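A.B. asks: Construct the complete structure from the given sequences, taking the supplied hints into account.
Mapping the sequence shown onto our numbering, position 144 (from 1) lands on 144, and the numbers just tick up by one.
Be careful, since some hints might not be right.
Said to hold, decoys possible - Quick list of the computed label-pair ranges, beta carbon to beta carbon:
#	residue 1	residue 2	range
1	Asp223	Ala173	16 to 26 Å
2	Ser212	Glu69	28 to 38 Å
3	Glu231	Gly177	22 to 32 Å
4	Arg239	Phe37	28 to 38 Å
5	Arg217	Arg146	31 to 41 Å
6	Ser235	Gly126	14 to 24 Å
7	Arg239	Arg217	20 to 30 Å
8	Gly126	Arg224	38 to 48 Å
9	Arg71	Val100	34 to 44 Å
10	Arg239	Asn94	16 to 26 Å
11	Arg217	Gly40	20 to 30 Å
12	Gly79	Asp223	20 to 30 Å
13	Asp223	Asp125	38 to 48 Å
What the hints contain is simulated information worked out from the structure, not anything from laboratory work. Quantities reported herein were computed from a predicted structural model and do not represent experimental measurements. Ideal Cβ positions, reconstructed from N, Cα and C, are used throughout, including at glycine.
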Amino acid sequence: LSSSSAASDVYKRQPLILLHELPGLSQQTFALGEYFFQQGFRVVMPLLFGMAGKANMLQTSLQICLQKELREICLGRDGVITQQIRELAQQELNRYRRQVPEAPGVAVVGMCITGSMALALLLRDGGPSPVAAPVMAQPFSSYSARALQAVREGKIQGPVLALRFEKDWFCTARKLGRLEAAFAACPAQDSGLIVHELEGHGHSTLVYSYDSKRKRRDLRSSDRRPIDAREAVTSFLLRQLKPVQGSTAG
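C.D. replies: Encoded structure:
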């Protein structure tokens, strides 16, 4: 491919914003980004804290404690960083719709400290959210109170995908239950929460505790069949991002 055609090929890919976990934008996270790229996505990975390519739990935890904008993420507040990611999502959607006018939106995968942000990104005053495929992988931070209320009132349309390990001490069943209760109260028939609860211990469902050679039973499925977490997320994203034929979006 020539440089111009190669660039065109990249921009025709469905946009996916990958939000990194507490250890930072590590090499392992880059590997996850590469996985999604191989599945056909244009992957955007903003650096929220820490240093690119390095995982340092102590340093990033200290940075979060000291910076107000980062603390807002932990507290589930719709602060500066959430708004910046929302604007980034809109920019990516606008770019993609130049190639695919009927595109419904972009994908966002939040993990751990950024997991709950994927829900907050569905909020938008004055129009629909640019996010059509939100994934909340082991959400650890507080949920946005405004987003939960919007879910209950049917103002946020799903589905939303959430993942956790059965014995995760950080993203506990009780914590995820608050999210499930909000969706259960939603009057909209087409709004819903899809949960994959993977058997065993662990926290990082897609990165640090992920093993491509080991599928885990999904305790929420009727047959409790083993699944690959990354494949399950990819399948969800492709379903949600399928262009709607005849759409006038643009």
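A.B. asks: Each of the hints needs a verdict: does it hold here or not?
C.D. replies: Right, here's what the structure says about each hint:
no., hint, result
1, Asp223 to Ala173: 16 to 26 Å, "21 Å, holds"
2, Ser212 to Glu69: 28 to 38 Å, "35 Å, holds"
3, Glu231 to Gly177: 22 to 32 Å, "26 Å, holds"
4, Arg239 to Phe37: 28 to 38 Å, "19 Å, violated"
5, Arg217 to Arg146: 31 to 41 Å, "35 Å, holds"
6, Ser235 to Gly126: 14 to 24 Å, "32 Å, violated"
7, Arg239 to Arg217: 20 to 30 Å, "22 Å, holds"
8, Gly126 to Arg224: 38 to 48 Å, "43 Å, holds"
9, Arg71 to Val100: 34 to 44 Å, "37 Å, holds"
10, Arg239 to Asn94: 16 to 26 Å, "23 Å, holds"
11, Arg217 to Gly40: 20 to 30 Å, "28 Å, holds"
12, Gly79 to Asp223: 20 to 30 Å, "42 Å, violated"
13, Asp223 to Asp125: 38 to 48 Å, "42 Å, holds"
Taken one by one, the earlier hints fail for this structure at numbers 4, 6 and 12, listed in ascending order.
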